[in-house]
Structures are given as C-alpha cells and as structure tokens.
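One line per chain: the protein sequences are Y and R, in this order. Numbering follows my numbering, with no gaps: position 237 of the first sequence is 237. Numbering follows my numbering, with no gaps: position 134 of the second sequence is 1134.
Since the hints were derived computationally from the structure, they do not count as laboratory data. Where hints are given, some of them may not hold.
As the list claims (entries may be wrong) - In silico DSS-like cross-links for lysine-lysine, where the CA-CA straight-line distance does not exceed 25 Å: (1) R/LYS1163 with R/LYS1076; (2) Y/LYS282 with R/LYS1118; (3) Y/LYS282 with R/LYS1165.
Said to hold, decoys possible - Simulated restraints, written as ranges between beta carbons of each label pair: (4) R/LYS1017 with Y/ALA324: 38 to 44 Å; (5) R/LYS1015 with Y/VAL331: 31 to 37 Å; (6) R/GLN1020 with Y/ALA324: 42 to 48 Å.
This structure is a prediction, so every number in the text was calculated from the model and none was measured. C-beta: ideal position from N, C-alpha, C; glycine also.
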Amino acid sequence: MKLFQLVCSAVSRDLFKRILVSLELIVGLVLLYLCTGLLEKYRSIDQLMEKYADMAAVEPNDPEQIAYAQAHGTLFEATVMLTGENETGAQRFFGEINSLAYYQAVPMELAEGTWFEADVQDCQYLAVVPYSLRGRFPCGQRCELYFLETGPISTYVCGVMPSDLTFGNTGAVYFDDTNLSILLCPTEAVRDYTEGRLASHRYVKLDEIDPGALRVLDIDAVALVKDLIHEGNRQSMAAPGFLCITLLVLFGTALLGEVFLSARENEKDYAIRFLCGASVRKAVLIQGGVNIAIILIPYLLSLVAAFALKIRLYLHSTLWPLLALTMGSVVLSFVQLTALSRKSPAQIIGRRFRQ
Amino acid sequence: MSLIRLDHLEKYYNKGKETQVHALKGVSLEIESGEMVALMGVSGSGKSTLLHILGFLDSFDGGRYDFEGAGTSSLKAEELARLRNEKIGFVMQNFGLILHQNALQNVSLPLLLNKKTKYARIRPRALRLLQDLGIGEKADVPVDQLSGGQQQRVAIARAIANKPKLLLADEPTGALDSQTAEEVMQIFHRLNEEKGMTVILATHDPRIAAECSRILYLEDGRINETQ
Ligand SMILES: Nc1ncnc2c1ncn2[C@@H]1O[C@H](COP(=O)(O)OP(=O)(O)O)[C@@H](O)[C@H]1O
Ligand SMILES: [Mg+2]
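Produce the complete structure using the sequences and hints provided.
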C-alpha cells in the first residue's frame, strides 16, 4: 500500500511535466502508428493487387467465377409475394445476398439504375430486379418484398438487370433457368461505399467507411484495388512511406533521449530515497514502479488511440511496433535500474550533491 | 551510554586499486545524546565520509561503530535502512530534495518509508512539520520554486519527520547567505535544545562552529578535539 503511494507520489509529482512527456510520447506513438499503418496499407495494396488482379480478367462463364459466386454469395430460394396494383401473387425467386466486393469484382451491366444508389436510409437491402419485373418494381423506388420464408424485407430498387438472365449467359449471378431471379444486397455497405466513391480524395475518404460493415462484407480489398487502379494513387504512396520512416527514426531517437535524460534525475531521486530510509532493494523497487508507470501510462493511452485508429482505418496487425516499442522501453528501464542498484548511494550523494 | 562511539574507524575509497584513498585513518570519538557538535576541517579532510558512515549511508573498512550502545557492523541492509529512516536525519549543503516534487511530498517521503506511520497520518504530520518551520504555506509548491532558505527548511523538516535521535548536517549553510544561514542555525539550536536531538554538523565556517557546544577537527582523516 505504502509502496504504491510512494510510486504514486513520485509519478504524480510535477504532473504538468509528466503529462507533457506523456503527450509527447502519445503523439509520437500515434504518428508511429499512423505511419506503420500507412506502410501496411501500402504493402497490403500490393498483395491485394496480386490477389485480385486476375479476377477482373475472368471471362464470363468461367467455372472459376461461378465457383467464386457460389462461395461468396449467399444464395437462397425464396417465395416473394408480389403485391402490385393490378395483380397479387406469389412467385419463387432465387435470391442472392452478396457483398459489394463481389459485384465489384464481377462486372455486370445494368439496364437501368446503378449498383450504388444512395439515400436508402431505412432500407435493409438494395435490390436489383430482373428485367421482367421492372414494371412492378420500378427502379429508384422503395418496396417491400415479402418473403414467405423470412417475412418482409424492405428494399430499395437500385437497378434493373438487362434481361432475365440465365445461368448460361452471365457470370455475375447464379441463376436458375426456370425461375425468375432477384439480386439483393445489403444497403448499408452500398451506402458507405457510395460515400467513399463520391469523395474527391479517395484515400482519405475511404477512412470514413464504416469498418464494421466492411469487415462483414470483406469489402475493402476490392474497393482499394479499384480505387488505386482507376485513380493511379499508387505513386502517391511513396511520399507518405518516406515520411513514416523519417518520423519513426525521429521518434525513436526522442524516446531514447528521454530515457537517458531521465537517468540522471532518477539516480538522484534514488539516492535521496536511500537517504530517507529505503534499502537499496526498496529504492530500486520504487524507481522501477515509477519507470513502469511512466512508460505504461502513455503507452496504454496510445494503445487506446491506436485501437481507435485501427477501427477507423481498418488496418490489420499494426500494433506490433507499439508493443515492440513498449517492450524496448521496459527493457531499457530495466537496464537502467540494474545499473542503479550497482551504484553506491553514498557515492551518488557525494557526486551529485557535492558533499 | 553514549549515542555514538567510534573506535579506530577506517575508511578507504577504491580499496586495492591504484586510486585508493585512505579517507578516515582510525577515527575514535564518543558523542553523547543531546550534544551539538561541529565537525570542522578543510575540504577533503573526510567530513562527509564520516557523516555518511555515521548516518549508515556508507560502510567502513575497519574499527567499530556503536550506535546507542550496540555494534552496527553486523546489521543487514534492511536494518540499516530502518535506522536511517527512524533514527537519523540527514541535511545536505544543496538540500538533496526531489526537485520535481512539492514540499509536502518531500517531507512525506521518510514517513511513507516508515512502517510504523499510518498512511492517514502522513499528510497532517508533514504539514505540521512545515508549519513548525514557518513554510506551511509552501506545502504545495514544487521545491525547485523555493528559495535556498526555504528549500533547506523543507530538507530539515524531512530530516526530522520521524523524530530522529541524530541529526547529521553536511555543510547545511554552505549554500545560503549569512542571514539565512543564521536562521537555519537557529532551527538546529531549537531542535537540539527543545527536542533534545543530537546534532552533528560539518562546516568550514568558524562562526557556525562556535555556536556549537563542541568542536571536532578533522585533519587528513584523523580527529583532533582541540586545535
Ligand atoms: N566516492 C569517492 N571515491 C573516491 N574518493 C573519495 C570519494 N568520496 C570522497 N573521496 C575522497 O576522500 C577524501 C575525503 O573526502 P570527503 O569526505 O568528501 O571530504 P570533505 O567532506 O571533508 O571535503 C577526499 O580525499 C576525497 O577525494
Ligand atoms: Mg564534504
């Protein structure tokens, strides 16, 4: 308890200075985080380019493409109640709920509308309806599709297919020869993607995409690749990459400087605690507690910041540099403590206090 | 029974090395409880070395040191730490405060290190000490913003926080102007007379030494009672 109080009082001292140091560290770490995140993005874009490059080149009817459709799309057979003005009846559809990534990856022309209509706040799904149903479900309207199996689904009809396509003449969707088909895709993701698409600066605005939706839909990869291919953003990554490395070096130097500068001060405090009645063991323990607290507070804060950024930016596995830095600081502080415990406090007093 | 009894105390620095210094050459002396002793000598005569040993900051290489009638050479690090904490107060020339802590935190340090003091009593006690020394209103001020005289008062408050038997002061007025030095000396006198603390202070200043009841001269590591 008292040890805790000792450490607390040592850490809380001159709080302003401590906070400044902490902020400095946090800023550094966040920068570092952003930088590594950027680097990672750069790296992952290369990987994604590789992964998805051949996909766009897949010919219609290619069995690979069909396999992809079957693997990624959620196919279902549903009975939809058609409640038009003139007639009411039930009809069987093959529906497919798919990620946007899929529709992006596998190009398909629409007769009317676009895939990415916005303003669909209260709709659960976007629907692309077969050509034959365009009268009953006009493009650009909300309508409720009543599935016997699942109940009503609120949709926004964002497009009409060129014809009642069958399996044989499109690679886009799985169709059954005999049944009319309908495509449904969750509106959430589409809306988010729309905003991203409308953005002037693709790369930044992409950050605003809801990562939750993206994760569910496994969407970012294709979106990124498309963006980069279409807008030639790839070259512009080199500058931030260079910036990252520079900042990393600067930050690393600053951190080391911080640790070594405080060493002198720590040595004095250590001797004073010894003088006031702490044994060497206890004085080292207190200093260790102080060091750990000073290291951990900013690191924990920056970890939170990093996590927030991670979620915002939807970056993968970029926490390791943070962890490495933390571990490095802990090791460094440990080395410092061992060095401290080997010194005679009386000598420190003699030297530092000119006795 | 004397508070301190030294018998042919020896101290070497860097023993066995080329840079070996024989800092104390068989120092023998006795100091009774309640004395106020001045330790004089030129720079390098071994005053600080002697005070460090008396205050259990440093070990010695030969001879005997009895504190309150008991030998100290066999004491373990933890026991020495407890002696430093409870029986010894140490005041230094340039105060030896933790500069980025405030006065209250500095004075609380020996109280926090004392197992017998309840946590709830630390703050009020530290405040009382600062008030007694006339700097109660500076309790929350970081010590590096205090004047030299005020810092030395904080250091004295910290030294006497656990009501020690022995107050060791290594050139306590060396960094102060003569008026502040006199005020600080008054505090030592008060502690000696009113609280019965034994005071040993190292100084070059003959006027300071003259205020003490006894003067010891250290000369090249040897004690000389009269000069
Ligand atoms: N840590 C040390 N290492 C080596 N020599 C020391 C050390 N401390 C003091 N000395 C030497 O011991 C002698 C006594 O020093 P000290 O006790 O500091 O004298 P004073 O306080 O009277 O000036 C001096 O010769 C000094 O150089
Ligand atoms: Mg000295």
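Structure-based check of all given hints:
For the hint linking R/LYS1163 to R/LYS1076, the alpha-carbon distance of about 22 Å falls within 25 Å, and the restraint holds. Only pairs whose Cα atoms come within 25 Å are accepted, and Y/LYS282 paired with R/LYS1118 is accepted, the gap being roughly 19 Å. Restraint check for Y/LYS282 and R/LYS1165: the C-alpha separation of about 23 Å stays at or below 25 Å, so the hint holds. Taking the beta carbon of each, R/LYS1017 and Y/ALA324 are about 41 Å apart, inside 38 to 44 Å as hinted.
Distance hint for R/LYS1015 and Y/VAL331: a CB-CB separation of about 34 Å, consistent with the stated range 31 to 37 Å. At about 46 Å, the beta-carbon gap between R/GLN1020 and Y/ALA324 stays in the expected band of 42 to 48 Å.
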